[in-house]
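K.L.:
Residues per chain, in single letters:
Protein chains: 2
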Amino acid sequence: MKTTETIIKMIFDRWNASIASCDTLLNSLTDETLQKEIAPGKNRGIYLLGHLIAVHDDMLILLDMGEKLYPELNEPFLKSPDKTTTLIQSASELRTFWSNQCEVLKQKFDNLKPEGWFEKHTAVSTEDFAKEPHRNKLNIIITRTSHLQYHLGQLQLLK
Amino acid sequence: MKTTETIIKMIFDRWNASIASCDTLLNSLTDETLQKEIAPGKNRGIYLLGHLIAVHDDMLILLDMGEKLYPELNEPFLKSPDKTTTLIQSASELRTFWSNQCEVLKQKFDNLKPEGWFEKHTAVSTEDFAKEPHRNKLNIIITRTSHLQYHLGQLQLLK
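Chains as they are written, first to last, in the working numbering: chain A, 1 to 159; chain B, 1 to 159.
Bound conformation, chain A alone (with noise of 0.2 Å):
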């Protein structure tokens, strides 16, 4: 295996790892549990669900790999912190749209050549990135992984 390669599946490994652990956990939680505050006067459980969809949603985005699935998250989730707007997601739309996510995400970054990786995502200039070369594609799934992690410790304490 070539050193790009073992890199990218180093990246990924930690990628679906994050995503499987999120999944194991929400299975454990029911949808009441994801009503509640992760800490008193702190994010609810359904906020930081929609808010992981909506900043994975912004990856299709910047990888240049289509069209957001669910930009009707953008305000609610992104735009506006939790108990600002009245939500009208339930839980359990929310977990179908994370599954399907998912799914289509696994998909699109199977279909990546290796090399693809290594090109520019679409927040950075040609000219930056002549400079930047580490502004790349896979730069993009190692900081969104680090994001993942972070709420992952907070929405461990609903159990």
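Honestly, the hints are just simulated from the structure, not real lab data.
Just so it is clear, CB atoms sit at the ideal spot from N, CA and C, and this is done for glycine as well.
The reader is advised that the hints may include incorrect statements.
Below, in silico cross-link-like pairs of lysine to any residue (SDA-like), each with a Cα-Cα straight-line distance of 20 Å or less [stated by the list, open to error]: (1) A/K83 x A/L69; (2) A/K113 x B/T6; (3) A/K9 x B/P133; (4) A/K2 x B/K36; (5) B/K42 x A/Q35; (6) A/K2 x B/K131; (7) A/K9 x B/T4; (8) A/K2 x B/T6.
Listed next, the stretches of chain A that the computed footprint assigns to chain B, with coverage defined by at least 3 CB atoms under 8 Å from CB atoms of chain B [claimed, not checked]: (9) 9–21; (10) 33–46; (11) 130–138; (12) 143–153.
Position chain B against the provided structure of chain A, taking the given hints into account.
P.N.:
Frame of chain A, contents of chain B only:
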């Protein structure tokens, strides 16, 4: 810049940014706040800080970079859950350990040549490593960044 150097930069950018986030957060919390639980009945801030130091100390062993700096943290912060032992370390002492350890790790990491990061870590056998080249030193940085982010999300709740 070669691809492997770009990748090492990507992974260390994430590690360093996570350490910097933790520093900023710790500096914004008082010793009294660190004594509090992150959520009712959950780990205390001081436990998570000690736990992070103990886990990062173990990286020195895994990366074959020398002895642990604070082996006395192993028992109370790795082997024991919170509130099951009487902690003899104060929050102030743990802050000093954290800062010192970050310095030491940074120096040791900076001294390893790029190709060194693709050598096996100490918890994998030579035979297994031949089949699984992703079990290298760089992967330790990836997985520990994930771990740090997970607990950062929890420590953040003390704010």
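K.L.:
Out of the numbered hints, which ones does the structure contradict?
P.N.:
1 and 4
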